[in-house]
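Colleague: Sequence:
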Amino acid sequence: MEPITILVLALSVVVGLTLGLLGGGGSILMVPLLTYVAGMDAKQAITTSLFVVGVTSLASLLPHARARNVRWVPGLVFAAASMSGAFLGGLASAAIPGAVLMVAFAVIMLASAGNMIRGRKKGSGAEAKGRSLLMYIPVGLVVGLVTGLVGAGGGFVIVPALVLLAGLQMKHAVGTSLLVISLNSASGMLGHLNSTSVNWPLTLSITAAAIIGSLIGARLTAMVPEKKLRRGFGYFVLVMGVFVLSQELPHPAGLILAIAAAVAALIWVLCTKIPALATICPWRKAPAPLAPAAD
Numbered sequence: 001m002e003p004i005t006i007l008v009l010a011l012s013v014v015v016g017l018t019l020g021l022l023g024g025g026g027s028i029l030m031v032p033l034l035t036y037v038a039g040m041d042a043k044q045a046i047t048t049s050l051f052v053v054g055v056t057s058l059a060s061l062l063p064h065a066r067a068r069n070v071r072w073v074p075g076l077v078f079a080a081a082s083m084s085g086a087f088l089g090g091l092a093s094a095a096i097p098g099a100v101l102m103v104a105f106a107v108i109m110l111a112s113a114g115n116m117i118r119g120r121k122k123g124s125g126a127e128a129k130g131r132s133l134l135m136y137i138p139v140g141l142v143v144g145l146v147t148g149l150v151g152a153g154g155g156f157v158i159v160p161a162l163v164l165l166a167g168l169q170m171k172h173a174v175g176t177s178l179l180v181i182s183l184n185s186a187s188g189m190l191g192h193l194n195s196t197s198v199n200w201p202l203t204l205s206i207t208a209a210a211i212i213g214s215l216i217g218a219r220l221t222a223m224v225p226e227k228k229l230r231r232g233f234g235y236f237v238l239v240m241g242v243f244v245l246s247q248e249l250p251h252p253a254g255l256i257l258a259i260a261a262a263v264a265a266l267i268w269v270l271c272t273k274i275p276a277l278a279t280i281c282p283w284r285k286a287p288a289p290l291a292p293a294a295d
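Taking this note's numbering, the leading residue of the sequence shown gets 1, the next gets one more, and so forth.
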């Protein structure tokens, strides 16, 4: 076995671990892994990622289901809508250049990361529980299109949607997203197979490695606090989004973006950790002055 193949399989275990732990992120790692490490072209990497992430999600769904972390009714409604979008997105991707797909992939990652890091406002969960299941249909269609176009299982969009819009707890959103991802990936891959070939021996080996990681990750979800899990997911997606953009944009634009992102991250950390800087940080509001006491 060649060293590069061993490296790809080892990193596939990490991809599976991420998917089982976070209910998403597998495709965020898998597409760059297949493109930049395994040497596949963008469209072959997207098709392969859909298979690997779909099968791995199905495997990691089982321990989540045993732990009662899957909300089946909203999950199936969401999946029914998104599968239609995934198939159409897979067909449409044949006419779009690979570089454009990767840039679109990265932009959506950055938007989702921001939503997860900010979190939901207090009380939003209670409001979401009273909403009709029909709200899942338009969101599911959009997520499905994203899945089919860029080869993402959609977890980095599905998890925020279930947390921020549907009001699910993070552990339930993680489990439910795995159900949606497995169905989405199957539908999206069918759309891609019409125009893309797959290296099945390598794909099956990567899938086996990812399943091992996903089963480990699924068991770790109960050990990580919900807030840390959500924010960790958001920061992870943010870093990967910047990385993909820096690779796909023409130089020096990619390098400038990476430097700007690093500076912004440093400022964010300083503003978060040093209270004295809160008043000058552009995205943080200074405490409102106390009203004068009445005479």
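Take the hints with a grain of salt, since some may be wrong.
[Unchecked claim] Computed beta-carbon distance windows for the label pairs:
no., residue 1, residue 2, range
1, Arg-231, Met-1, 36 to 44 Å
2, Val-14, Ala-253, 25 to 33 Å
3, Val-224, Ile-259, 26 to 34 Å
4, Gly-98, Pro-3, 24 to 32 Å
5, Leu-134, Thr-5, 16 to 24 Å
6, Leu-220, Ala-265, 40 to 48 Å
7, Pro-97, Arg-231, 19 to 27 Å
8, Ala-67, Ala-94, 38 to 46 Å
9, Ala-111, Ala-258, 17 to 25 Å
10, Ala-80, Ile-267, 37 to 45 Å
11, Pro-3, Pro-138, 31 to 39 Å
12, Pro-250, Val-224, 23 to 31 Å
Derived from the structure by calculation, the hints contain no laboratory data.
Think of the CB as a built atom: it goes at the ideal place given N, C-alpha and C, for glycine as much as any other residue.
Colleague: Check each numbered hint from earlier against the structure, then list the numbers of those it violates in ascending order.
Modeller: Going through the list in order, the structure violates hints 5, 6, 7, 11 and 12 and respects the others.
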